[in-house]
Amino acid sequence: MNIAVKIGAVKFANPVTVASGTFGHSEKYYHLQEVKKLGAIVPKTVTLHAQTGNPPPRIAETPSGMLNAIGIENPGADVFIKTKLPALKKTGVPLIVSILGHNDEEFKILTEKFNAAGDISALELNLSCPNLGKKILAAQDPQAIERIVKTVKKISRYPVIAKLSPNVTDIAAMAKVAEDAGADAVSLVNTFAAMAIDTKTRRSVLGNVTGGLSGPAIRPIALYMVCKTAQTVKIPIVAIGGIMTADDALQYIIAGATMVAVGTANYINPRAPLEVLAGIKDYMRKHKINDIAQLRGSLDHG
Amino acid sequence: MEKLQDVYRIISNEKICPKFFRLCLDAPSIVNKALPGQFIHIRIQESLQPFFRRPFSISRAQKHIEILYEPVGTGTHLLSRKKKGEMLDVLGPVGTPFSLPPKGIRQVVMIAGGIGVAPLLFLSDILKRKYELVLLYGGRTKGHVYDMKEFKQNGCKVLISTDDGSVGVKGRVSKLFTKIRPDSQTTFIYTCGPRPMMASVQSFARGHKLRGQGSCEEVMACALGACLGCSIETRNGFKTVCHDGPAFDLNDLIF
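Chains P and D, in that order, give the protein sequences. Under the numbering used here, the residue at position 228 of the first sequence is numbered 230, and the numbers go up by one with no gaps. Under the numbering used here, the residue at position 20 of the second sequence is numbered 298, and the numbers go up by one with no gaps.
No lab work stands behind these hints: they were computed from the structure. It should be emphasised that the depicted structure is a prediction, and the values quoted were computed from it without experimental measurement. C-beta: ideal position from N, C-alpha, C; glycine also. Any given hint could be a false lead.
[As the list claims (entries may be wrong)] Rough simulated footprint, nothing fancy, chain D against chain P, three-plus residues with beta-carbon under 8 Å: (1) 13-26; (2) 67-78; (3) 264-274.
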């Protein structure tokens, strides 16, 4: 059975990865032998300079989902490369490093730093960053997507994945912009802008007032977006959005996704990515599918 | 390394006073590893409602793993309906435990508000006979007071206050601060409870130059230090309650 997938020239042993920011301290809490089974690991987004993150409360539970406004808390690229990257490399699992620059120059410097760090399989561009001078995110501005992808692509040693925001009118059109700018893949979706209010205090439940919604609550919408994008671009899609089980992941693959990232489910069931992987294999065996490519985009439009 | 997450059989799940429950789990692998101040993260049921796991301080780890809880929201109400023999999906033990009293300490004062008493029971099991133990317990009403016989069996002196005066001294637990004779060299504080209560304990400790530890609670998702969702502000910057805590140096907490 062939379940290997490719992004750019890089091959991954299987299509299952984890969404950025959802898989930490792997060395402490997981069996290394189990972690090794993952297709790739995406560590939490790294910025050029350290970020302390948003004021608490940072998360809240919502129906079948989770609101978060963490604020990309991270130690900055240099500290990450020195203190966190070695342990991640040691797992032997391909790493997709998620980077976020607050302007084109920061994206460029981040790319150079990870070029120098070596042993990385791909870079994921977190485009849900403020778009300087405008009140929208880079991921909401086709010109910014084009500029950032071109800037990184020009110098990156690694395949480049543009992570798209669902908070746009037409995410497939944004994916096409990323593809035309040279992206090797797109990942979608990031969280949906969302909030919840405590009626007792009439305050937002989040310290940051607004946040992003993830989890099974968003899955049908994210699936629609992946399906539409798969019909628009030729580059691989990394699907993200409320995957809890293998069946959820299979829906995305049938819709056209090349890889699937388990995010919020890691918080509920740390074994979710491995269960998803095992379930995909079971499904292929049962349906006598030898190559995952046969399954990819096999949606019967009837 | 043993499994961090597993399913365990419920030995008992009983009301111990009008407001509190005690749940016992047959979980020898957790018993073997657990330290006071650590917690377990329970998936209440295999459905999307409630969505998050729920964290509970370990209140005892002898033959079984015990937790004390007060049904207040969806998760704890569902938990209170679980029957003996049912299985529970549990992750743990996780979290940074209480640090033990430093050298020179003779008296340990534990100050609890409501169900915050839970981790202090486990602590008293470990500290008994080595220190003079005192528990100052504040509950809202007599419904929030249980017999505390394990504390007493551990040689711990128990003083109680209730907001409505139905048991013990009337008023907040801070009313009991005058009942102890603290000494900055030989007294150590452990506290767990609502934030305003812990704030009053911190100012009492600072006033008497007492060292101590506080156990914090926050809404949690992963419990593994991954999501950074349960971060609180401390004098050392943002720290996760699940991984850097729940036990912190009392003086580092910001209320």
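Hint-by-hint comparison with the structure:
1. 13-26: It holds: at least three residues are needed, and the segment 13-26 of chain P offers 4 whose Cβ sits within less than 8 Å of chain D.
2. 67-78: holds (count 5)
3. 264-274: Per the Cβ count (7), the hint holds.
This entry satisfies every hint, going by the numbered hints stated previously.
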